[in-house]
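With chain A's structure known, arrange chains B, C and D on it following the hints.
Protein chains: 4
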Amino acid sequence: MASKGQIDDLVSANHILYLEGVVDGFGHVSLRCEDDPERFLLARSIAPGSVTAADIMEFGMDGEPSGADARKAYLERYIHSEIFRARPDVRAIVHSHSPSLIPFGVTGGGLKPIYHMSAFLAGGTPVFEIRDEGGPATDMLVRDRKLGAALARTLGPASFALMRGHGAVAVASTLKQVVYRAIYAEVNARLQAEAMRLGPVTYLNDAEAAGATRANEQVIDRPWELWKTKAGNGRRMAQGKAEGALRRVKRRG
Amino acid sequence: MASKGQIDDLVSANHILYLEGVVDGFGHVSLRCEDDPERFLLARSIAPGSVTAADIMEFGMDGEPSGADARKAYLERYIHSEIFRARPDVRAIVHSHSPSLIPFGVTGGGLKPIYHMSAFLAGGTPVFEIRDEGGPATDMLVRDRKLGAALARTLGPASFALMRGHGAVAVASTLKQVVYRAIYAEVNARLQAEAMRLGPVTYLNDAEAAGATRANEQVIDRPWELWKTKAGNGRRMAQGKAEGALRRVKRRG
Amino acid sequence: MASKGQIDDLVSANHILYLEGVVDGFGHVSLRCEDDPERFLLARSIAPGSVTAADIMEFGMDGEPSGADARKAYLERYIHSEIFRARPDVRAIVHSHSPSLIPFGVTGGGLKPIYHMSAFLAGGTPVFEIRDEGGPATDMLVRDRKLGAALARTLGPASFALMRGHGAVAVASTLKQVVYRAIYAEVNARLQAEAMRLGPVTYLNDAEAAGATRANEQVIDRPWELWKTKAGNGRRMAQGKAEGALRRVKRRG
Amino acid sequence: MASKGQIDDLVSANHILYLEGVVDGFGHVSLRCEDDPERFLLARSIAPGSVTAADIMEFGMDGEPSGADARKAYLERYIHSEIFRARPDVRAIVHSHSPSLIPFGVTGGGLKPIYHMSAFLAGGTPVFEIRDEGGPATDMLVRDRKLGAALARTLGPASFALMRGHGAVAVASTLKQVVYRAIYAEVNARLQAEAMRLGPVTYLNDAEAAGATRANEQVIDRPWELWKTKAGNGRRMAQGKAEGALRRVKRRG
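Chains as they are written, first to last, in this note's numbering: chain A, 1 to 253; chain B, 1 to 253; chain C, 1 to 253; chain D, 1 to 253.
So that you can see chain A by itself, here it is in the shape it has in the complex (with noise of 0.2 Å):
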């Protein structure tokens, strides 16, 4: 069973990915069991700026939810499992539509750690490539065990892998880095193209973005406390949504 402080980060997780941007109604955020590496957390079919603790469901490795829990789950939840199940060095995943990050997927890629804050796209940026598994005619979903597997592949070792004419998957082995890179991918991604357009560009080299990767983990708390800020005024919107339907009400009756 998931402990409460698992459940209340991967809530505060969901708001802090709505409020940055980098989810709008769609897209999730998952977060492995501490007390059993095989059973991960992940939100019902909802918006992520939407989620309640009550909203998080519990999955296991096969991407089917635990007991007799009967509501409606992520269609593509597939990616969590898969993920989880070849990399047991991951311990939460994020996918988006992160929009910045989805002219490059469909573009061949690039993407490259133009700054120390994105140093985790180091090694390179895989695209996955729905057709390639799936054929010329799907839907871009990854809906079962045997794409969600493929795109475990393309992802590799890496931190990061774009999806093309989707949108994009982060993994790390903390709640907190896998928001955070979920987070600058997008930025990452953002002034990247924007320099392209000044001139050829000097990223980081592969030693300068390992020791940024380090310096920057241990640093890691800080923008988290700082989101989480946020993520509280967020939850407070959502409740605007009873208030403003309760104030209708009253003007009427």
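Calculated directly from the structure, the hints in this document are not laboratory data.
Small disclaimer: the values here were computed from a predicted structure and weren't measured.
A portion of the hints provided could be inaccurate.
Since copy identity is lost for identical chains, a pair holds within one copy or between any two.
List time: in silico EDC-like cross-link candidates among lysine to aspartate or glutamate, alpha-carbon distance up to 20 Å [as the list claims (entries may be wrong)]:
{"no.": "1", "residue 1": "72", "residue 2": "225"}
{"no.": "2", "residue 1": "112", "residue 2": "9"}
{"no.": "3", "residue 1": "72", "residue 2": "217"}
{"no.": "4", "residue 1": "72", "residue 2": "221"}
{"no.": "5", "residue 1": "4", "residue 2": "225"}
For chains B, C and D alone, kept in the frame of chain A given last:
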């Protein structure tokens, strides 16, 4: 007579389109009456972000208001009446000056689905050139039935059309779908322009687009609920006006 | 003496221009007095977003304050006085550093109406080169009557002029119109730059621009009311400053 | 000992830089002590948007904290200490990863004053290449006095320097000035990149830049007061965190 449910949804749609940046002070969204397919609902001439249930008017297929409703209507209501006439499958229409679409409209179109979210753009996005029907000296507005009919012919069976030097129209079989399409057409335009600067783009093929369109329709409630939450906040913003005026009075009193 | 209505509208215009991103801490908007065409209203030297009715000063056609008003005035008030002198048809003027216009001003202009909303840009947008009148060593500011008169000559009969390395001026026969023009000139610049990267652009022709300008003038109240709603919120934001200070005092007390 | 006024201003500067998008979870701003030019103020290792007066630490010219303050300090405090040592005229420093500056830093610089607001960029913006002093395998951070001194040498007598693959530093003789420079350097970068795509750019010449710099210094209070207003709101946002936590507790209690 329109149901309260339809009117409330149309009010929400107006607020959503405003808060998502598809419309500003201008633009409009219509909904075919569920009990009378020869009539449709559309706000009186007012900024979409300020629409309330009391602002919704009813129109016939000639683009004229039902009964003795003498309130000022949008000049371009013929966009809606003529498309509803020509397309029995269409139950909701958005007309906007959605910013990222303007550059595509004035350079010959070429808008294509860059990712699964905008799969509805498959099959080509026609461009309405008002000079073809209205000659070289119009005021750019679709201000009569003849121009509305010409726009409907340009649209043909498509889900989306650009209007040169003006904006765009999105159509769908439900209100939720048309709001979705208006929002993701804007996103697609922005990302496609960026991708075209990076290199040759792989768009969704027709089979992928058809599959993704079906898949998207099954999860349409998810973004709609999220957008409605924000629309609740938008309503509060509109109320702010009255409160602000009240406060000014008090301060001076 | 200026009417309360004119002053309130000018305060709203200041807030609107700030909230729509046309001005930041700098920029100003003026209004010719309705009871004395030889005088005009302009805020004292203060950020537009912070202007209140008490900040509005009155100036003569020499750019100097009426009566014994010794408050610090904007250095560049001669932009307003000299244009009002040269253009009796003009009753309101905005000077801004509106961001998307700066790139056009430093590359020779070429701003044209890309859609009906910015039809007022038809006929060409002249570029004011301060070196022509002020020589190669000015501080870029229109800080005297001579420079103001040179700017007015560059503007000629147009609605809009760019200022190289500085910003822009919009003029109109009403305050609502000039606010509208300042806002949509910014939008036009952003969209035109984007369109020019996509391919050859079809701009509005002169007849279309003239027709669209007339049509826009008839619906000018619609965006104005929307923007005023936001300006009401902006006023609350300004009040936040005092509240924040109060809270800090309480916490420390 | 630092005065309460200096500390309050430094807190405001932190919030302003966050709210204007110059810093995110990372970046820092320092202020030389008014009563002891050999000491300077800088927050402990915390996100700038969350800084309060209690977070301000005091450092000496060796980059080490005064007295027995054992709180975690920014790793890169040597940026500040070494520039303060090398530049007696400098009393305030901002280090940021300001987004629009990153593309210029990785493509060889070339940032120039596109308009009077950023006149302080005249005379060239040097680019700090950490490989020159630190070799090809640093973690990109200015984490010791030697690297700080190298950065100070690159900066020389300038007001601004880019840091390849990292960010930028702005320096000034007052805190208000350095905040202004950090904000308008970001704006200039964005607008210059856009202008370079439109055609050959006319930049401010040296005389214009010198004149505009003097003129800007005389009105520095105007944007500062505006930004402080927003910073007051930012403080409330930070408080939201505690309130949000409290509300969650209550709901569960």
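- Query: Tell me, which hint numbers fail for this structure?
  - Reply: 2
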